[in-house]
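Throw the hints in and build the complete structure from the sequences for me.
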Amino acid sequence: MFNYTFQWKQALARLPQMLDGAVVTMQVALLSMAIGIALAVVLTLFRLSGSRILSGIATSWVEIARNTPALFQIYMAHFGVASFGIHFSPWTSLLLGITFNNAGYLAENFRGALKAIPDTQARAGRSLGLSELQAFRFIVMPQMLRISFLPMTNQMVWAILMTSLGVTVGMNTDLYGVTQDLNALTFRTFELFAVAAVIFYLITKVIQLGARLLARRMFRY
Amino acid sequence: ADKLDDIIASGKLRCAVVLDFPPMGSRDANNQPIGFDVDYCNDLAAALGVQAEIVETTFPERIPALVSGQVDIGVASTSDTLERAKTVGFSIPYYAFENAVVANDKVEMADWEGMKGKTVGATAGTYEAIWLEGQVKEWGEGQFRPYQNQADVFLALSQGQLDATVSTVEVAEANVKSGNFPGIRIVDKAPMVPDYVALIALRSEHGLIDYLNLFINQQVRTGRYAELYAKWVGEGEPADLTIKGVYR
Amino acid sequence: MIEIQNVRKSFGALEVLKGIDLTVQNGEVLTIIGGSGSGKSTLLTCINGLEPIDSGRILVDGTEVHARSTDLNELRQKIGIVFQQWNAFPHLTVLENVMLAPRKVKGMSKPEAEAMAVKQLEHVGLGDKLSVYPSRLSGGQQQRMAIARALAMSPKYMLFDEVTSALDPMLVGEVLDTLRLLASEGMTMICVTHEMKFAREVSDRVAFFHQGVMAEIAPPAELFGAPKSPDLQKFLAATA
Amino acid sequence: MIEIQNVRKSFGALEVLKGIDLTVQNGEVLTIIGGSGSGKSTLLTCINGLEPIDSGRILVDGTEVHARSTDLNELRQKIGIVFQQWNAFPHLTVLENVMLAPRKVKGMSKPEAEAMAVKQLEHVGLGDKLSVYPSRLSGGQQQRMAIARALAMSPKYMLFDEVTSALDPMLVGEVLDTLRLLASEGMTMICVTHEMKFAREVSDRVAFFHQGVMAEIAPPAELFGAPKSPDLQKFLAATA
Amino acid sequence: MFDTALSANDLIFLAKGAGMTIFVTLIAVFFGTVLGIVFGIFRYQVGPVIAAPLTFVLDVFRSIPLLIQLVLANAFLGMVLRLGLSGLTVACIVLTLYTSAYCAEIVRGAIESVPQPVRRAARSLGLSWRQDMTNIVLPLAIRVGLPSWIGLSLGVMKDSALVYVVQVTELLKSTQILITRLQEPLLLLMICGAFYFLISFPVARLGGYLEKRWTHD
Ligand SMILES: Nc1ncnc2c1ncn2[C@@H]1O[C@H](COP(=O)(O)OP(=O)(O)OP(=O)(O)O)[C@@H](O)[C@H]1O
Ligand SMILES: Nc1ncnc2c1ncn2[C@@H]1O[C@H](COP(=O)(O)OP(=O)(O)OP(=O)(O)O)[C@@H](O)[C@H]1O
Ligand SMILES: [Mg+2]
Ligand SMILES: [Mg+2]
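Top line first, the protein sequences correspond to chains A, B, C, D and E.
3 is the number of the first residue of the first sequence in my numbering; add one for each residue after it.
721 is the number of the first residue of the second sequence in my numbering; add one for each residue after it.
114 is the number of the first residue of the third sequence in my numbering; add one for each residue after it.
114 is the number of the first residue of the fourth sequence in my numbering; add one for each residue after it.
-8 is the number of the first residue of the fifth sequence in my numbering; add one for each residue after it.
Do not rely on the hints blindly, as some may be mistaken.
No farther apart than 27 Å at their CA atoms in a straight line, the calculated lysine-lysine pairs in the DSS-like style are these [claimed, not checked]:
no.: 1; chain 1: B; residue 1: LYS732; chain 2: E; residue 2: LYS203
no.: 2; chain 1: C; residue 1: LYS310; chain 2: C; residue 2: LYS269
no.: 3; chain 1: C; residue 1: LYS223; chain 2: C; residue 2: LYS310
no.: 4; chain 1: B; residue 1: LYS806; chain 2: A; residue 2: LYS11
no.: 5; chain 1: E; residue 1: LYS203; chain 2: A; residue 2: LYS117
no.: 6; chain 1: C; residue 1: LYS242; chain 2: C; residue 2: LYS269
no.: 7; chain 1: E; residue 1: LYS7; chain 2: D; residue 2: LYS242
no.: 8; chain 1: D; residue 1: LYS347; chain 2: D; residue 2: LYS131
no.: 9; chain 1: C; residue 1: LYS217; chain 2: A; residue 2: LYS117
no.: 10; chain 1: B; residue 1: LYS857; chain 2: A; residue 2: LYS11
no.: 11; chain 1: C; residue 1: LYS217; chain 2: C; residue 2: LYS242
no.: 12; chain 1: C; residue 1: LYS191; chain 2: C; residue 2: LYS219
no.: 13; chain 1: D; residue 1: LYS232; chain 2: D; residue 2: LYS219
If you anchor each label on the Cβ, the simulated ranges turn out as follows [claimed, not checked]:
no.: 14; chain 1: D; residue 1: ILE330; chain 2: C; residue 2: GLU314; range: 40 to 48 Å
no.: 15; chain 1: B; residue 1: GLU861; chain 2: A; residue 2: ALA36; range: 27 to 35 Å
no.: 16; chain 1: C; residue 1: GLU235; chain 2: D; residue 2: GLU116; range: 56 to 64 Å
no.: 17; chain 1: E; residue 1: PHE47; chain 2: B; residue 2: LEU802; range: 37 to 45 Å
no.: 18; chain 1: D; residue 1: SER251; chain 2: C; residue 2: ASP134; range: 34 to 42 Å
no.: 19; chain 1: A; residue 1: SER57; chain 2: E; residue 2: ILE133; range: 54 to 62 Å
no.: 20; chain 1: E; residue 1: PHE47; chain 2: A; residue 2: ALA36; range: 24 to 32 Å
Some chain A residues flagged as far from chain E (calculated, every beta-carbon gap over 10 Å) [what the hints assert, rightly or not]:
no.: 21; residue: LEU98
no.: 22; residue: ALA198
no.: 23; residue: TYR223
For the record, the hints were derived by calculation from the structure and aren't laboratory data.
Note that beta-carbon positions come from the ideal geometry of N, C-alpha and C, so glycine has one too.
Laid out in structure tokens, this is it:
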């Protein structure tokens, strides 16, 4: 039926290299999530701080992250900032780009989550003598993280998918980069990218499953 | 009817050309495609008696563009490796590149071996990228970065993100001369087998490939090859496309 | 002793407290009644400094609550407060709810805080719910947990803001019983409530708030038996 | 006449209706009482065909509700139903809520439907709320609007499923008054309710459901005065 | 302010790229939404078991990088099926399906957000399934779904930056072409970013405003 002969063996022979790439992809995505969550908490605090400057910084960050393409952000992190003489390796640029994006989106999620937490919660904490920061840290934040858990899982999947944009800044060790390199050597485009697609799909499923298990362990209330 | 008939019937020849690869392909001030490969495609279309259509691709994307039927042939400086020939059909070489090592001014480097241990890069999917990545692996030190296009490579080199790159002598000279990329210099020739590049078409289109072979032959015979070389590359002799001691 | 001296407080253009004067002696149980929006809750949140005031003074054991120099986090340890609802921290077990403040604010060790928490939870009759999450508790149990949580800081004063209004009628009794118990132990308490029967039984004095003004204050027999102002008469008639 | 003949209905493994037999005469007011989960709501939704049944038959004026050939959309015009809550269409004004079905289902013209809607809304005492959105109404007013909306289809039968249980105690009266009015006008009604006083006053007969079985049915004086089954005795004791 | 070699011609070139971005986005959002509504209603209506194959396929579109989807679709449609489609067509097809996968989720969620008793009330009045859908479910679901849908549309616009892999010269690609020639990466990237921002930000704000207004009443 098709006028095309599949050569799956060629692609499958490269599977070990692609799996190595998958590991790098996971590393970048996980790191960008961990740092992204921490930054998003800080941005959220900035926005709550009441300081014009701090909340201005946080708001600009969030809006730029949410209103420009991720590809643009990653390209900027490499070639844009280099115009100021700051050089990041492809790996770092990719990590920074995705982290910037993650932090922006998560901060916005956190803001939504905060609205769902009655302010009597913080008040009850303050009434017990907890400081403002303690009330946030021990009472508000855990609830905020729980409410945003599903959006966080989605963001994690996004982070995985975004690693594919690393090739634009010279990344060649992640799953997409490895696949593209192999494609340059062999030109078996369809087979190689089909294998990569399956790996990406499995990774996202594992993450979603893991998140569900994690949620069950973490949120018993 | 085979592809050759289709092209003639449709009155249109679609060529994949890489347009950030001066002097082979680039854009003029009006952002129109120009360059050796663009002229080459136009010549071919004229010979076929059809209209030429230039489709810009990146290096990694030129084969998918061909194989997915978005272009009829590739005039895109494609190196004729045996690995690739398993997938696409190559004509006889229509050009041959020698490669040069280009370095950032701030980096000390006397010859090509100075690249050892440095951060080097090239355009993903090219002959020189494959060679350079192999070298870096062999040296066991330093770092290799493939960028999506030639411009990004030189941008990174000029910004100091890369210490050195390997590119065709033509591209290297054009980029150094243009002044678009301040702070770079040509260091040395790269010790590679000349990079013979061929036109590409679908592997099964023998009629078309035969036509391409004859066309290339005619270009050399009629002196058009030398003319285009003079127009786009400059003085000197264009590379010899024959190989001693072997048929074809 | 809690002294409230000519306290005024506005939200924007709305004056919610229009010069309140009130002194609560140690060991006294004061209940506050009054219509919705009369400023009862606002007064309580001013007493422990959750809300700033516009003028006047509030002294707790002689310390001025709204003075710059006052360490509010320290002062608040003296003053327990329980709200109408949303008191429970849903992500912590009952025990953790009660242990949190002793550990983080008082810096108690874990076993010490736990012992304290268990003691207070048993006091309010929740000794068997230690490792349960609040979502598993009835509303009444949640309120009792909130009381235990406040007690775990060994406060000198307890403020209650309509702690039974959000509850099923079935569950009101158990919470009021806990309040009665506290009162009988000599805790100084200010209770905002709509439960007139409770106010009558337990209070030393009852204050009636009306539109930001403390319109009347008297021992319960007198206030309920012979209400002076027409506003109070109307209010009592409506709630009867 | 509504005839229910040996109706059985399960949700998965749970048998909710275990063979119900019941006939409601035209002009009769039947109330159904019973514990939570006894199948009362399920029966009502089976009567107007919102839920399929597993066996047995339900006949409304001789038409079999669950027969293939029955046009349910047409049949439902005969049977008004009001649920416990979420009755209002929040995106439509009160008037639009009531006009919707007459226009879309009966194909009435706009002025005709409007006249009908105004009439029914005045009937339930909402003549002054025509252009208001439901979110501005109290719960009791929302329920009365739902009644007017059902009446606008000129139903022959009205089913009420605990229409007052989600309401503030203050608002229950106004809704029950509307039901009383309907009963006095001779509407055939089946009311599921927890309001025993109402059941006693208004009903011709009262049915007691227990675990999917209609355990007892009798005129109110008899059923409340001399309950036979121990289950009913227990139920009445608990709700008293 | 800037000492730039950027000419009016180049700005027109950029504008053409922007036009392409908008064109591809509009096509994908329009057809993706239509498909998404169909898929969403279908999934809601037939229940999870029967819809499982569709659910799986849609999930695939949300679990694989768009870049790979484009490369694969391009390779498959061209190399394997030999349809000879233009890159623009492939880009529109892939983005449309990609949009529909997310849109179906939004539609399903929005329909589910309409309380069951409200729909029962409608059916009890004799409204047919269609009438219930158009008069009750649609207006209520739109309020819930529209803000997310606006977010999705903006997301598609931003993701359309990836269609360069199938030889479509949209805004970001145009920018890169100019960078190649003019070597002013920062300025050009700023212009490009500003363009995305200027379209995205006001629309996103509008979405936020609608959300706030509608969740209020
Ligand atoms: N944070 C606030 N911002 C603006 N207005 C407020 C705030 N808190 C309370 N108010 C207003 O102040 C007035 C008094 O409120 P307060 O809660 O003290 O009344 P209350 O006597 O406790 O009434 P209730 O019996 O309803 O609880 C009300 O009109 C209320 O709307
Ligand atoms: N759609 C459904 N799917 C599964 N189970 C259901 C469904 N609807 C009702 N049930 C179950 O059927 C049983 C009877 O429910 P039903 O709502 O008829 O009781 P009820 O007598 O109206 O109770 P209540 O007084 O609480 O309204 C309950 O156990 C309920 O959980
Ligand atoms: Mg209050
Ligand atoms: Mg029911």
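Comparing the hints with the structure gives:
In summary, the hint linking B/LYS732 to E/LYS203 is not supported, as the alpha carbons are separated by about 55 Å, beyond the 27 Å threshold. A distance of roughly 25 Å separates the Cα atoms of C/LYS310 and C/LYS269; the hinted pair therefore holds under the 27 Å criterion. Taken as a hint, the C/LYS223 and C/LYS310 pair is broken in the structure, with Cα atoms around 41 Å apart against an allowance of 27 Å. Annotation: proposed proximity of B/LYS806 to A/LYS11 holds, straight-line Cα distance about 13 Å (limit 27 Å).
Of the supplied pair hints, the one linking E/LYS203 and A/LYS117 holds, its CA atoms being roughly 12 Å apart against a limit of 27 Å. Of the supplied pair hints, the one linking C/LYS242 and C/LYS269 holds, its CA atoms being roughly 26 Å apart against a limit of 27 Å. Distance restraint check for E/LYS7 and D/LYS242: the Cα-Cα separation of roughly 55 Å exceeds the 27 Å cut-off, and the hinted pair is therefore not satisfied. Restraint check: the Cα-Cα separation between D/LYS347 and D/LYS131 comes to about 21 Å, which is no more than 27 Å; the hinted pair holds.
About 25 Å separates the Cα atoms of C/LYS217 and A/LYS117, which keeps this hinted pair within 27 Å; it holds. Proposed proximity of B/LYS857 and A/LYS11 is supported: the alpha carbons are some 25 Å apart, at most 27 Å. A C-alpha spacing of about 22 Å is found between C/LYS217 and C/LYS242, which places the hinted pair at or below 27 Å, so the restraint holds. With a CA separation close to 12 Å, the supplied pair C/LYS191 and C/LYS219 stays within the 27 Å bound.
A threshold of 27 Å between alpha carbons decides the hint, and for D/LYS232 with D/LYS219 the separation of about 17 Å falls inside it, so the pair holds. Here the CB-CB span from D/ILE330 to C/GLU314 is close to 46 Å, well matched to the stated 40 to 48 Å. The beta-carbon spacing between B/GLU861 and A/ALA36, approximately 30 Å, falls within the hinted interval of 27 to 35 Å. Between C/GLU235 and D/GLU116 the beta carbon distance is about 60 Å. The supplied range of 56 to 64 Å therefore holds.
For E/PHE47 paired with B/LEU802, a C-beta distance near 40 Å keeps the hint of 37 to 45 Å intact. A beta carbon spacing of about 38 Å between D/SER251 and C/ASP134 agrees with the range 34 to 42 Å that was offered as a hint. Taken as a hint, the range 54 to 62 Å is violated for the pair A/SER57 and E/ILE133, whose Cβ atoms sit roughly 32 Å apart. In this structure, E/PHE47 and A/ALA36 meet the distance hint of 24 to 32 Å, their C-beta atoms being roughly 30 Å apart.
Consistency note on A/LEU98: stated as away from chain E, and its beta-carbon is indeed over 10 Å from all of that chain's, at 15 Å minimum. With a closest Cβ-Cβ approach of about 6 Å to chain E, A/ALA198 is found to fall inside the 10 Å limit, against its non-interface label. The claim that A/TYR223 is not at the interface with chain E holds, since no C-beta of that chain comes within 10 Å of its own (minimum 24 Å).
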